[in-house]
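Colleague: Sequence:
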Amino acid sequence: MNGLDSTQLRTLAAVVAEGSFDAAARLLHVTPSAVSQRIKALEETVGQVLVRRARPCVATDAGRPLLRLAGQLTLLEREALADARGPLAGGGRVRVAVVVNADSLATWFPAALARLPELAELSFDLRQDDQDHTAELLRDGSVTAAVTAQREAVQGCRVLRLGAMRYRALATPEFASAHFVGGLTASALAVTPLIVFDRKDRVQHRFIRAVAGRPLDPPLHYVPSVPAVSEAVRLGLGWSMVPEQIAEADLAAGRCVDLAPGRYLDVPLYWQHWRLESDVLNALTAAVRAVTAESLR
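Using UniProt numbering, you'd call the opening residue of the sequence shown number 1 and step up by one each time.
Simulated from the structure, these hints should not be mistaken for laboratory data. Bear in mind the structure is a predicted one, so any value in this text is a computation, not a measurement. A portion of the hints provided could be inaccurate.
[Unchecked claim] The following label-pair restraints were derived from C-beta to C-beta distances:
(1) PRO268 <-> ARG52: 30 to 36 angstroms
(2) GLN128 <-> ALA34: 31 to 37 angstroms
(3) GLU277 <-> GLU248: 35 to 41 angstroms
(4) GLY19 <-> PRO219: 45 to 51 angstroms
(5) PRO219 <-> GLN48: 29 to 35 angstroms
(6) PRO117 <-> PRO227: 25 to 31 angstroms
(7) PRO227 <-> THR31: 23 to 29 angstroms
(8) LEU113 <-> ALA41: 36 to 42 angstroms
(9) ALA253 <-> SER187: 28 to 34 angstroms
(10) ARG161 <-> GLN128: 17 to 23 angstroms
No residue lacks a Cβ here, since even glycine has one placed at the ideal position from N, Cα and C.
Could you put the whole structure together from the sequences, leaning on the hints where they help?
Modeller: So this is what it looks like as C-alpha cells:
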C-alpha cells in the first residue's frame, strides 16, 4: 500500500467539516473536481469508502481514523512551523475544534478560553452537544477535545476528571404553590410541566427517578437554549434542573425557589483530548483545569 498523502487527508477533513465537496473546494481554493479526485485517490489507497456522500457529507467508519489523523497532523504541522519560524514570524492561526455541553458553554468554559496566553494564535471551533454524547465527535475525529460525561478514555485520547456540575430544581414561588403544595410527590411530578433542553437532555428525568423512585413521563417543554430555559422557569412555564452557577442569582433575588432544598443532582464531567504532545492542547488543558477547580464541585 502506498503511504497516506497529507493533502488528501486535509481534503478529507475539509469535506467532513464543511459538509460538502463544493464547500470544501471553496475552503481549499481548488475546484470541486480536484476535491473529488483527491478523495477518490485516498479511498483507492485505503481500499475503503471514506466519505458517505450525503447532505451533509460524513465520514464512514473507515474514514474516522483518517479524519482524526488529519486533524492531528494539521495541529502538529502548524506548531512545528511556528517553532521553526520563531515567535516574530508566527506559523498562522491554529484552529482547535472542541465539543462542549450546553451548560458548561453557558457557564465556565468561556473563562477557560480567556485564560489562554495572549500570544497564542488560536481560532476556536466550538461545537455543542449533550455531555452524554460529546465523546462521539471525539471518537470520529471531528474535534480535538471534549467536555464529556464519559470517564472511559476514547481510543487515542487522554481523560481527566474535572469535577461535577451541580443542578438544582427551580420554579417560581407561584408555580411551586400551584403544583407542589404537598412537595415533590410522584403524583405531582407526573403531571407538572417540565422544561428540558432537548431530546438528549436526561438530567431532569434522572432527578425525577431519584426523587420518585421510578421513571415518570411528565408533560415537556423543549427549550434548546440555556438562557431561555432559565427565562422560561422565571416566567412560570414549568420547572427545571438549573446549573447552580445560574440558579444562585434567581434564588437570591427571590424570583425562584428550590423545590427540593438539600437535594440536587451532580453530573460528573471529564476532559478528553487527543493523546498528542502539543503545546496548544497542553495550554488548553491547563486552562480548563484551572477554571473547573474554581467552578465545579
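Colleague: State for each hint whether it applies.
Modeller: Here is what the structure says about each hint:
1. PRO268 <-> ARG52: 30 to 36 angstroms: Check passed, 34 angstroms falls within 30 to 36 angstroms.
2. GLN128 <-> ALA34: 31 to 37 angstroms: 32 angstroms, holds
3. GLU277 <-> GLU248: 35 to 41 angstroms: 40 angstroms, holds
4. GLY19 <-> PRO219: 45 to 51 angstroms: 36 angstroms, violated
5. PRO219 <-> GLN48: 29 to 35 angstroms: 47 angstroms, violated
6. PRO117 <-> PRO227: 25 to 31 angstroms: Since the Cβ atoms of PRO117 and PRO227 sit about 30 angstroms apart, the hinted range of 25 to 31 angstroms holds.
7. PRO227 <-> THR31: 23 to 29 angstroms: 43 angstroms, violated
8. LEU113 <-> ALA41: 36 to 42 angstroms: For ALA41 against LEU113, whose Cβ atoms are near 37 angstroms apart, the range 36 to 42 angstroms holds.
9. ALA253 <-> SER187: 28 to 34 angstroms: At 31 angstroms between Cβs, range holds.
10. ARG161 <-> GLN128: 17 to 23 angstroms: 21 angstroms, holds
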